[in-house]
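Assemble the complex: chain R is given as a structure, and chain G must be docked to it using the hints.
From first to last, the protein sequence lines are chains R and G. Each residue of the first sequence is one higher than the one before, starting from 27 at the first, in the numbering used here. Each residue of the second sequence is one higher than the one before, starting from 4 at the first, in the numbering used here.
These aren't lab readings, by the way, just hints derived from the structure by calculation. Here a beta-carbon is modelled for each residue, glycine too, at the ideal position from N, C-alpha and C. Don't take every hint at face value.
[Claimed, not checked] Selected chain G positions facing chain R (in silico; Cβ < 10 Å):
(1) K71
(2) V93
(3) L108
(4) K221
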Amino acid sequence: MLTTEENDLLTQTGPETSMGQYFRRFWQPVLLSEELPETDGDPVRVSVLSEELVAFRDTEGKVGLVERECPHRGADLFFGRNEECGLRCVYHGWKFDIGGKAVDLPNVPPGVRHHETVRLKAYPTREFGEIVWAYLGPQENGIPELPHMEFGFVAPGGRYVTKQLMECNWAQVMEGDLDTSHFSFLHMPAPSVPSNENLDAPADERRLKWIRNDPMPKFQILEHDVGFVVGGARATDEADETYWRMTQYTFPANGTGPSTMPGETYFGFTVVPVTDVACWMYCYAWNPERDLGNAEREKLSTTGHGIIAETDENYIPLRNRGNDYEIDRNVQRTQTFTGIKGLAEQDIMIQQSQGLIADRTRENLTATDAAVVKFRRTVMEGARRLAEDGEEPEAPRRHDAYKTRPGSWFASEGTPFEDVLLERFGHNRGLVL
Amino acid sequence: MLTAEENAILTETDADTPMGEYFRRYWQPIALSEELPEPDSDPLRVTVMGEELVAFRDTNGRVGLMDKRCPHRGADLFFGRNEECGLRCVYHGWKFDVDGNAVDLPNVPPGVRHHQTMRIKTYPTREYGDVVWAYMGPTMPELPEVPRLEFGLVHASRRYVMKQFVECNWAQAMEGDLDTSHFSFLHMPAPNVETTENRDANSPNRHLEWMRRDGRPKFDLLGHEVGFVAGGARVTDHEGELYWRMTQFMLPSHGTGPATVPGETYYGFTLFPVEDTSCWMYCYAWNPERDLQQAELDKFKIGHGIIAEIDSEYMPVRNKSNDYGIDRSVQRRETYTGVKGTAEQDIMIQQSQGFVADRTQETLTATDAAIVRFRRLLIESARELFESGLEPEPPYLHEAYRTRPGALVTSSDKELDEVLFERFGNARGLVS
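Okay, chain R solo, but in the shape it has when bound (with noise of 0.2 Å):
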């Protein structure tokens, strides 16, 4: 439970808030790259962290992510003209480019100040693994490095790069992932169907009814130099033996699927503000042994499976709120817990049922709750020592550390985490080096 206090502290990240700033310290994905696929293509609105801008790419293929209002009298730059390395303001043709210096200010007479004063905020920008990055923080001691996830490292034949929009506060998508207890209920069958079986689950028969016959599964949290990893301890047929699905949290707003045994392909998420009612999640399906074959990418691709949902053209998932994410009370009483189709959209209704933002003043947790609780403690603190104390965190200086795994493993009975790690990754960690 928290205070109302502490809760908006949790949720609201606009530019002068205290876990706005903190957010502004780390590269935020804006766009992925297909959005913006041709050098001098079409602007593209970009809302993120409360913040309205427009993205364009450039002659020369660059990208450019600026404030969206024309500094002369507040025009919208999205109905701009993308040519000839800049963005060019329809209303009386000022022009800038990708670093939001004024190009040309053709109604401003030869001499005034304004041609050398005048300025649009603009923010750096990457490409890596398909996704268009932004730094929108302080500049003065330097950029970081992209953190180096592994899904950016593999060649584009072994990942699949989406995006989804979640209509709810980015938090409470971050703590449904970090719950993992929940697939005991969410992603089950109905309590009359014998069967295990999920197809959209990326897990076998066995492993899904040893989730099923286990909905307190043991945790532990591990810290690391970027944020934790989580496991959850459920009992198997074997007396001995324990099935372990492990997580990743990497801050500020990374996350993992914890299903994935070796040679499998890997799940790993970023959520992003949009405002404090909305965020996007950029997902990524990877696999460092191999392409992603063509059933694999077909099913991500078209109708969605584990964490990637159905969407539409916009990346607006067809089942969503607008639609009481069609619920069908029929397959929820004979065959599946929530009567959902997509284990994403399972998870995206539960997600947005909180309401647009949860108020965790009202809650009752237990003791399945534990990553829930450290990681808003976490996140939180981090937020706080840079407001209260102006103290820079460290992580995204770290960006070699955000190289980590998630999965899934099993282990004698008694075995302790840093050894489970330790077996499945070959680091106590999960960091892949």
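Chain G alone, transformed into the frame defined by chain R:
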């Protein structure tokens, strides 16, 4: 005219407001029984006076009405599983019965206190007259009983019950009913039309003509234990004879249709606030003497009298979003409004006053007497409760809600209580 403060008292019904607390002393209709058709059927979203709730009918047929937020982490129980005598959250399986007891907390280790202490807020419910009622007030030594409105006491074949969504504050919907003088205008033909016939209205042509001719009925009001009766008298074709239309107001938000002559079907309704800017109007037609006829039922399906034509979600087909289907050429040549349906004309004009009518900007006249009485009664009662802790009595006088409204043509020298006695056998229209 009200002050801004009085207008706020009258119109705001969230918890912890004077009117909100006052309303919560009364049973409120919160769903039609048909919306929860069978045991373990689909849960239903219900918003009452700003509270977001979920209703469900459990395995034993009992109706639960509870906070929609699961106390664990606030997930919406609307998406829950209604099974084996309880509603189960689909996030982590927490399950609650209709009384709010946590009957299963499958992810909470045995021995943890949650198993004993965890509850969800619920409200008592009853079914009466094909309507589900809820009591959202403070726990009393003895709960009041559901008001004995007559429609609920007749055989099911003698009544028709429905609801319709009204996109404005509850009080102006109530006021629209109490001011019966508007009938002389709003529901009339266009001025150049000779006949007054109106198949949507519950009055014979003769009565309609009197209403059309006399736009200034004389109003008289008589208080009773649970509200008041308002009588409006209009001149007829005969000197020495008046046409009386009498309507009942019962606290906090029950109204009636005043047109019924003996033997005909009666109309009544109950409003309850969804939020301050919308309300449900539960409408009922009943005939204490005979089954409703097929012709009547057919008319109700397409709207008649206070009953609007609605879609499957109980939303009036002609509503704010389509300007009530107003047809300006019909308005020029056929009807006063160009809007089809008596109920829709009422809905249009009431909603046109704004989401919450601004009563600091009005100019009342003599025919608004019942409106003034209504406001004073409600504001005073709400204040007495809120400021002095004086609990209202009407919730405990459930038998006094068995009243009838209606019309009568009688000699012009009678006072309203005599007219009531002649029409109903009781000087306030009470059915004994």
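Evaluated hints:
no., hint, verdict
1, K71, "holds, 9 Å"
2, V93, "holds, 5 Å"
3, L108, "holds, 8 Å"
4, K221, "violated, 53 Å"
Hint 4 alone, counting from the list given before, is not met by this structure.
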